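K.L.:
Sequence:
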Amino acid sequence: MPDPAHSQPVSKPIPESTFDALADALVERGYAVLDNLLGEALITALRAEFDHPDCQFKTAGIGREEDHAIALDIRGDRICWIEGGSAAAAAFLAAMETLRLALNRRLFMGLFDYESHLAYYPVGTFYKKHVDAFVGRSNRVLSTVLYLNPSWAEGDGGELVLYDEAGAAVVEKLCPEAGRLVVFLSERFPHEVLPARRERYSVAGWYRVNSNTTGRVDPPA
1 MPDPAHSQPV SKPIPESTFD ALADALVERG YAVLDNLLGE ALITALRAEF
51 DHPDCQFKTA GIGREEDHAI ALDIRGDRIC WIEGGSAAAA AFLAAMETLR
101 LALNRRLFMG LFDYESHLAY YPVGTFYKKH VDAFVGRSNR VLSTVLYLNP
151 SWAEGDGGEL VLYDEAGAAV VEKLCPEAGR LVVFLSERFP HEVLPARRER
201 YSVAGWYRVN SNTTGRVDPP A
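Under our numbering, think of the first position of the sequence shown as 1, with each following residue one higher.
Because the hints were derived from the structure by calculation, they are not lab data.
Mixed in with the good hints there might be a few duds.
[Claimed, not checked] Cross-link-like lysine to aspartate or glutamate pairs, in silico, DMTMM-like; alpha carbons within 20 Å at most:
{"#": "1", "residue 1": "Lys-128", "residue 2": "Glu-159"}
{"#": "2", "residue 1": "Lys-129", "residue 2": "Glu-192"}
{"#": "3", "residue 1": "Lys-128", "residue 2": "Asp-156"}
{"#": "4", "residue 1": "Lys-58", "residue 2": "Glu-115"}
{"#": "5", "residue 1": "Lys-173", "residue 2": "Asp-156"}
{"#": "6", "residue 1": "Lys-12", "residue 2": "Asp-35"}
{"#": "7", "residue 1": "Lys-173", "residue 2": "Glu-154"}
{"#": "8", "residue 1": "Lys-128", "residue 2": "Glu-192"}
{"#": "9", "residue 1": "Lys-12", "residue 2": "Glu-177"}
{"#": "10", "residue 1": "Lys-128", "residue 2": "Glu-83"}
{"#": "11", "residue 1": "Lys-173", "residue 2": "Glu-199"}
{"#": "12", "residue 1": "Lys-128", "residue 2": "Glu-172"}
{"#": "13", "residue 1": "Lys-58", "residue 2": "Glu-199"}
{"#": "14", "residue 1": "Lys-129", "residue 2": "Glu-187"}
{"#": "15", "residue 1": "Lys-129", "residue 2": "Glu-97"}
{"#": "16", "residue 1": "Lys-58", "residue 2": "Asp-73"}
{"#": "17", "residue 1": "Lys-173", "residue 2": "Asp-132"}
{"#": "18", "residue 1": "Lys-129", "residue 2": "Glu-165"}
{"#": "19", "residue 1": "Lys-173", "residue 2": "Glu-187"}
{"#": "20", "residue 1": "Lys-173", "residue 2": "Glu-28"}
{"#": "21", "residue 1": "Lys-128", "residue 2": "Glu-187"}
{"#": "22", "residue 1": "Lys-128", "residue 2": "Glu-199"}
{"#": "23", "residue 1": "Lys-129", "residue 2": "Glu-83"}
{"#": "24", "residue 1": "Lys-129", "residue 2": "Asp-164"}
{"#": "25", "residue 1": "Lys-129", "residue 2": "Asp-73"}
{"#": "26", "residue 1": "Lys-173", "residue 2": "Glu-40"}
{"#": "27", "residue 1": "Lys-12", "residue 2": "Glu-40"}
{"#": "28", "residue 1": "Lys-58", "residue 2": "Glu-83"}
{"#": "29", "residue 1": "Lys-173", "residue 2": "Glu-159"}
{"#": "30", "residue 1": "Lys-128", "residue 2": "Glu-40"}
{"#": "31", "residue 1": "Lys-12", "residue 2": "Asp-132"}
{"#": "32", "residue 1": "Lys-173", "residue 2": "Glu-192"}
This one's a predicted model, so the numbers in the text were calculated from it and none came from an experiment.
With the hints as constraints, model all of the structure from the sequences given.
P.N.:
In structure tokens:
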């Protein structure tokens, strides 16, 4: 039997009006929540990626390069970087590329490329409050999270909580429902993942700008 995640391309066209609404939301409040953007088939195929033997999950850490460390008291998710080798991954990356081009046309953000990974949260794990990029110190400018959890109930936990720039007031608390895509300015919103009471699946990603002035592309953040 063919593997649906690795042999069948899946995609759904995104209307221009959706890109307009996304751009408006980013300008007005710095984040957007889009439900059912990519279609049920792609969400199902991406969820199947977690069970494929090609995906070698590793415990996520904090910090970069020599400062990188495993800290289970801060985050407990396991990740696998997306390279685009399967039909599902390729379709997802193609959709994110379409979104990149659409935002650059509307907002002139200079988004250069996109990196992403599958994120698996075992029961009881979380990710404490953090920011994806510090002002002036990272080339990550726009964060995305796509959720892959069907029939997620309020008592299942695992919500994404967005805070104001001071990290004091809650701006939004979002259930990780299947098909929901959250997009937000990386430097502006501290956020956390509350403890999951059932296994939680998502795709986390970041649009980057090329801050290197030598003509070379910055390495992944």
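K.L.:
Indicate, hint by hint, whether the structure satisfies it.
P.N.:
Status of the hints after comparison with the structure:
1. For the proposed pair Lys-128 and Glu-159, the alpha carbon gap of about 12 Å is at most 20 Å, so the pair holds.
2. At most 20 Å may separate the alpha-carbon atoms for a hinted pair to count; Lys-129 and Glu-192 meet this at roughly 4 Å.
3. With a C-alpha separation of about 17 Å, the suggested pair Lys-128 and Asp-156 falls inside the 20 Å cut-off, and the hint holds.
4. This hinted pair checks out: Lys-58 and Glu-115 have alpha carbons roughly 17 Å apart, not beyond 20 Å.
5. With a C-alpha separation of about 14 Å, the suggested pairing of Lys-173 with Asp-156 holds against the 20 Å cut-off.
6. Of the pairs offered as hints, the one joining Lys-12 and Asp-35 holds, with about 13 Å between alpha carbons and a cut-off of 20 Å not exceeded.
7. This hinted pair checks out: Lys-173 and Glu-154 have alpha carbons roughly 11 Å apart, not beyond 20 Å.
8. At roughly 5 Å between alpha-carbon atoms, Lys-128 and Glu-192 fall within 20 Å of each other, so this suggested pair holds.
9. A threshold of 20 Å between alpha carbons decides the hint, and for Lys-12 with Glu-177 the separation of about 18 Å falls inside it, so the pair holds.
10. Our distance criterion of 20 Å between C-alpha atoms is broken by Lys-128 and Glu-83, whose separation comes to about 27 Å.
11. Our distance criterion of 20 Å between C-alpha atoms is met by Lys-173 and Glu-199, whose separation comes to about 19 Å.
12. For the given pair, Lys-128 sits about 16 Å from Glu-172 by alpha-carbon distance, which is consistent with the 20 Å threshold.
13. Between Lys-58 and Glu-199 the CA atoms are separated by roughly 16 Å; this keeps the pair inside 20 Å, and the hint holds.
14. Annotation: proposed proximity of Lys-129 to Glu-187 holds, straight-line Cα distance about 13 Å (limit 20 Å).
15. With a CA separation close to 28 Å, the supplied pair Lys-129 and Glu-97 exceeds the 20 Å bound.
16. Of the pairs offered as hints, the one joining Lys-58 and Asp-73 holds, with about 16 Å between alpha carbons and a cut-off of 20 Å not exceeded.
17. Annotation: proposed proximity of Lys-173 to Asp-132 holds, straight-line Cα distance about 17 Å (limit 20 Å).
18. Between Lys-129 and Glu-165 the alpha-carbon distance is near 12 Å, which keeps this suggested pair within the 20 Å criterion.
19. A distance of roughly 18 Å separates the Cα atoms of Lys-173 and Glu-187; the hinted pair therefore holds under the 20 Å criterion.
20. At most 20 Å may separate the alpha-carbon atoms for a hinted pair to count; Lys-173 and Glu-28 meet this at roughly 18 Å.
21. With a C-alpha separation of about 16 Å, the suggested pair Lys-128 and Glu-187 falls inside the 20 Å cut-off, and the hint holds.
22. Taking the CA atoms of Lys-128 and Glu-199, the gap is near 17 Å; set against the 20 Å cutoff, the hint holds.
23. Restraint check for Lys-129 and Glu-83: the C-alpha separation of about 27 Å exceeds 20 Å, so the hint is violated.
24. For the suggested pair Lys-129 and Asp-164, the alpha carbons sit about 12 Å apart, so the restraint of at most 20 Å is met.
25. Between Lys-129 and Asp-73 the alpha-carbon distance is near 12 Å, which keeps this suggested pair within the 20 Å criterion.
26. For the hint pairing Lys-173 with Glu-40, the CA-to-CA distance comes to about 23 Å; that exceeds 20 Å, so the pair is violated.
27. Note on Lys-12 and Glu-40: the hinted pairing holds, with a Cα-Cα distance of about 9 Å set against a maximum of 20 Å.
28. Of the pairs offered as hints, the one joining Lys-58 and Glu-83 holds, with about 15 Å between alpha carbons and a cut-off of 20 Å not exceeded.
29. As the CA atoms of Lys-173 and Glu-159 are separated by approximately 6 Å, the hinted pair is consistent with the 20 Å bound.
30. Among the hinted pairs, Lys-128 with Glu-40 is inconsistent with the structure: their alpha-carbon atoms are about 30 Å apart, more than 20 Å.
31. Under the criterion of a C-alpha separation no larger than 20 Å, the hint pairing Lys-12 with Asp-132 is inconsistent with the structure, at around 28 Å.
32. Proximity of Lys-173 to Glu-192 is assessed by CA-CA distance (about 10 Å); at most 20 Å being required, the pair is judged to hold.
Violated hints, listed in ascending order, are 10, 15, 23, 26, 30 and 31; each of the other numbered hints is respected by the structure.
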